[in-house]
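Asks: Line by line, the protein sequences give chains A and B.
Under the UniProt record's numbering, the first residue of the first sequence carries the number 1, and numbering increases by one thereafter.
Under the UniProt record's numbering, the first residue of the second sequence carries the number 1, and numbering increases by one thereafter.
By construction, these hints were calculated from the structure, which means they are not laboratory data.
Mixed in with the good hints there might be a few duds.
[As the list claims (entries may be wrong)] With a Cα cut of at most 35 Å, we get these calculated DSBU-like pairs of lysine-lysine: (1) A:Lys-167 - B:Lys-153; (2) B:Lys-404 - B:Lys-153; (3) B:Lys-625 - A:Lys-153; (4) B:Lys-153 - A:Lys-190; (5) A:Lys-281 - B:Lys-153; (6) B:Lys-153 - A:Lys-172; (7) B:Lys-153 - A:Lys-622.
One letter stands for each residue in the lines below.
2 protein chains.
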Amino acid sequence: MLNVPSKDEKNEPLVLFMPSGKRGRFPVGTPILDAARSLGVYVESVCGGRATCGRCQVSVQEGNFAKHKIVSSNDHISPFGPKEQRYASVRQLPDGRRLSCSAQILGDLVIDVPQDTVINAQVVRKAATDRVIERNAAVQLCYVEIDEPDMHKPLGDFDRMKAVLEKDWGWKDLLIAPHLIPQVQGILRKGNWTVTAAIHRDMDSSRPFIVGLWPGLKNEAYGVACDIGSTTIAMHLVSLLSGRIAASSGTSNPQIRFGEDLMSRVSYVMMNPDGREAMTKAVRDAVNDLIGKVCAEGEVDRHDILDLVFVGNPIMHHLFLGIDPTELGQAPFALAVSGALQYWAHEIDIEVNRGARIYMLPCIAGHVGADAAGATLSEGPHRQDNMMLLVDVGTNAEIVLGNKERVVAASSPTGPAFEGAEISSGQRAAPGAIERVRIDPETLEPRFRVIGVDKWSDEEGFAEAAAAVGVTGICGSAIIEVVAEMYLTGIISQDGVVDGAMAAKSPRIIPNGRTFSYLLHDGAQRITVTQNDIRAIQLAKSALYAGIKLLMEKQGVDHVDTIRFAGAFGSFIDPKYAMVLGLIPDCDLTEVKAVGNAAGTGALMALLNRGHRREIEQTVRKIEKIETALESKFQEHFVNAMAMPNKVDAFPKLAEVVTLPARKVLTDDGGDGSGRRRRRNRE
Amino acid sequence: MLNVPSKDEKNEPLVLFMPSGKRGRFPVGTPILDAARSLGVYVESVCGGRATCGRCQVSVQEGNFAKHKIVSSNDHISPFGPKEQRYASVRQLPDGRRLSCSAQILGDLVIDVPQDTVINAQVVRKAATDRVIERNAAVQLCYVEIDEPDMHKPLGDFDRMKAVLEKDWGWKDLLIAPHLIPQVQGILRKGNWTVTAAIHRDMDSSRPFIVGLWPGLKNEAYGVACDIGSTTIAMHLVSLLSGRIAASSGTSNPQIRFGEDLMSRVSYVMMNPDGREAMTKAVRDAVNDLIGKVCAEGEVDRHDILDLVFVGNPIMHHLFLGIDPTELGQAPFALAVSGALQYWAHEIDIEVNRGARIYMLPCIAGHVGADAAGATLSEGPHRQDNMMLLVDVGTNAEIVLGNKERVVAASSPTGPAFEGAEISSGQRAAPGAIERVRIDPETLEPRFRVIGVDKWSDEEGFAEAAAAVGVTGICGSAIIEVVAEMYLTGIISQDGVVDGAMAAKSPRIIPNGRTFSYLLHDGAQRITVTQNDIRAIQLAKSALYAGIKLLMEKQGVDHVDTIRFAGAFGSFIDPKYAMVLGLIPDCDLTEVKAVGNAAGTGALMALLNRGHRREIEQTVRKIEKIETALESKFQEHFVNAMAMPNKVDAFPKLAEVVTLPARKVLTDDGGDGSGRRRRRNRE
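Bound-form chain A, shown alone:
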């Protein structure tokens, strides 16, 4: 059936498929769908060339492109035939679209295969190119017409259907989901011996499986990509046939009531006999509720969901799957299972179509989970020529560093400071939280922005606007900014000590026991940045930087080419301030990007293209995992990273953008203690 292009048939038309760029020569008269398939270009088709489903639409740019010229003649493609005319009159066909099962190649052609899923990277510095996920979903819908039963050939209804699915679609050795067996008879008769089968061709068992069955033509099926975060569960609902995102939404992870952070949830399991079960139920219920929410938004019946992909950190991964996470709370941080897993959705109580499958991305290590695998798949350090650093900051920072040649990964115990915990005025990112801070280098007076208020604090009308939400605390992004600004303005030393001498210069430097604080806002709530707050940030950023440094050493590099900040925290912080504080190594700031929920994007990629499943499984097997707790140099890097970057040390790219203070270090009591601390570390 398929035409394999032959190299010596030079006179046959040349066809180029976009966006894949695959090309080949085909005999005049070849249907475009056949040409696409013979090249491995994935074009959807449900009706099997009957021109009724409309799923095989392509856009045609005609022309002799070998000479870089698109000509507008109509003679490179067959004219609208009766089948396409019928489809266009009943269902409408957008301008320029053709049904590839009917349209035939007459001359050289450029064909656009529509790819409706476009991932918009959340961009901080400059617009990233919108990314297209080429579709090759695990589930395919196949319409067939089946012989009626015949006493001369007593094959069962299912067995005859299987034979037609092999004849028309090439599926060999098809299996069927057990719940469908009692339904086959009724569905075939209801559809008057026509039926659409959903075939899952990415089962872990290798053989293709009939997972859904509908009478007549069924022309749509959906998938779900979901990132189970400790705080938030995020979900995309997407058409498996067109790639269209029908809805995206999120919800709080209800496990928060068992413990704010991961370790407290592990403790809850250890302390309560039913703790694991309760948390598993909570997260599954939340996922089911969220499926309900995206289905309502997208006007989709949840029983049309046939495939789901999940990512999550190791503890979320284990709890979601009903696995006791206790081992993850203590060395050697043993995962119960690290490889990719598949389930029937009902096996883990997810309420969608009974034949729906779940794919869990693999975990990289005990602290580097399926979420990091998802982010890796999304950002693709393993696809880069350059050295890419991928950082997802939470209670643990998951760090991946690498390129095509080699990828290494680690987790650093940053603690919850970046999330606003352990900070005297810290709070979650919510209305009333300060999110941006600038400090005047002369007067040391601050100005700031508050979530829920349009104006900066020094703009007219701010007080009135802020009255509604109040000014209640500092969220993670502002903690980074205020400490960085305090450093740039000399309020704190390179060593992180608030310079008491500055109190003479500004009344905002106020004594607080033996140390000094900075008064950021003096309203209904008095918001200060204390010496302890700065120490907490220093500890967190040192842990992160030490982990990165360790991976850079493993890679044998002294700089990175690009940095990707994944996750909620990464979306809100300003890379410049992150670098001023030394969270991340020196890098061209135009190459530092926030990529939002990259883990969720990775899940979406694995949902829409099963090739990405193999890609991340193979990548994870090859990633070298570094356990920071086992690396003697981690502690040394950690101590060295406590200080802020300065003018003369290794931050040349940053120095092009900001004026870093000269090397000058104060101790808590005002003396220069950096030398002493470093010596102590070397002993």
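Got chain A sorted already, so can you dock chain B onto it with the hints?
Replies: Positioned in the frame of chain A, the structure of chain B alone reads:
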């Protein structure tokens, strides 16, 4: 690891394995287990050569068998080593047994691989050779020792276990049953990093699956073979490791309360909205109860059952699987599914180990079910050089006829007469039922045996012995015998008419309206054989014979070489009387055997050797199904088969054994009507 015998290594010892007869030459020092495996001889081993499980025991006949001489020297096999001595002291090793993982080949050897499952065919005429089922179960137990978790290699517990199962046992691409995933951690730690995995290597999905997991060494696992009959459910419980049958038992099919025969159960489904569900639940409950019964008898924990094989006629097959059987009650008798099926036991509510699998044999056609497939597997017409007729008589007779070259199958609507229904004094085979009948050719006086009574009715003390159970009716086997005896003694004509003239000869010939009856017993219950009873038997036997005749025509043969009677009915009837009545074609009576529950035996074979699953799947695909309802000649054969065999017609083998009456036919009114009836049929 394995030694493949090389043809030019003529000086290496020759090893012959029994009962398979496989042989090969191996280097001196090769462990016997390795030699067996390299030849494809299946020898069990759980511990992987650690000499702790004892499962690899073999019996050794030493000697230079090439010269047909068994020598008693000890130099052909390595002496008892320390591992075997340790095992023998702890667990005992029967005389002559060796552990094949430890014992090494030093010279020519004959090795007996113990095969504990011996099927005793229920024999009527002469002792059939006991049949041995060579074992090659779908489930294998594999003991492994696993590395403890290591922070430098953060593979999950499951993933490390998988790697060892590949290294030690060669399992590639192992999957795991989802319910085990949350248990892996705990089991590994409980077993101190040793574990026994049950591997199912006959999953329909092709990849091997871990279906069970136990800490340390687990040295036994069980399987169930079950035949779901309309009346009786029969079950074997058997060790998957030794093949030992732990228990065999049966129970009534509780669906009887919804309808005595198959068609009345289909009607019940059609008339009652919840009928299918109720009958499915009833049969599954009964299977679960029966599993409890065999487990109690065999002292086996039902959670040690890991594999189950079921057979049943198409309607039992559908109802057990929860499929509506309505289509099977009407032309074209469409099966919902005909091929072999696999399930997790819990998917169809069977309560055994959570990882247990169920294998359903394929159905041959709408009226020739998985039970006929099981009987075919057991008796093996497809393995014969001779033409074998296999008959299982129930409400429908399932008929299989063939040899190596070709197998054909059909179903004949015999109706329930053979089971005692539609017979005036008919009853089920139960205490009080007459089961054997002889009639004195001179006096026409009967003598009979009653189920539950040791003596014949004309023996002294019968009346006293029979008082406890009474004489309550005639069961199927006796109906055949009494009618045959009535024919042989001239009470009925070849045409099946009770000869009223005989009333003058014996008071047992009594008028009954326009016809006559034979008084078999005149006790508390008066037991007679009426003209209507004889007509019912004639209709049933004609249907059976017509089906057989049709298949013989398809095969182009005028006689069959061997006949196998399967099923309960077949176990009790005397082949001679069956042939006198013309149920079956003429055949050497020594070649007619009752084989008991051959369907159940086939299930047992498929349970113990997965090769038999492939065998029956392939055989069923090749069997030609004949639908009697579509064959115009069936009706002709049916009418012609109403008469009894006579001296001059085509029963030469039978005539050697019994004196058949000369051709003489009476009609119901006493005249000779055979000519007329036959002419009518030809018109």
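Asks: Each hint: holds or not?
Replies: Hints and how they fare:
In summary, the hint linking Lys-167 of chain A to Lys-153 of chain B is not supported, as the alpha carbons are separated by about 47 Å, beyond the 35 Å threshold. Of the pairs offered as hints, the one joining Lys-404 of chain B and Lys-153 of chain B is violated, with about 56 Å between alpha carbons and a cut-off of 35 Å exceeded. At most 35 Å may separate the alpha-carbon atoms for a hinted pair to count; Lys-625 of chain B and Lys-153 of chain A meet this at roughly 8 Å. Our distance criterion of 35 Å between C-alpha atoms is broken by Lys-153 of chain B and Lys-190 of chain A, whose separation comes to about 55 Å.
Of the pairs offered as hints, the one joining Lys-281 of chain A and Lys-153 of chain B holds, with about 31 Å between alpha carbons and a cut-off of 35 Å not exceeded. A distance of roughly 39 Å separates the Cα atoms of Lys-153 of chain B and Lys-172 of chain A; the hinted pair therefore is violated under the 35 Å criterion. Distance hint between Lys-153 of chain B and Lys-622 of chain A is fulfilled; the C-alpha atoms sit about 12 Å from each other, no more than 35 Å.
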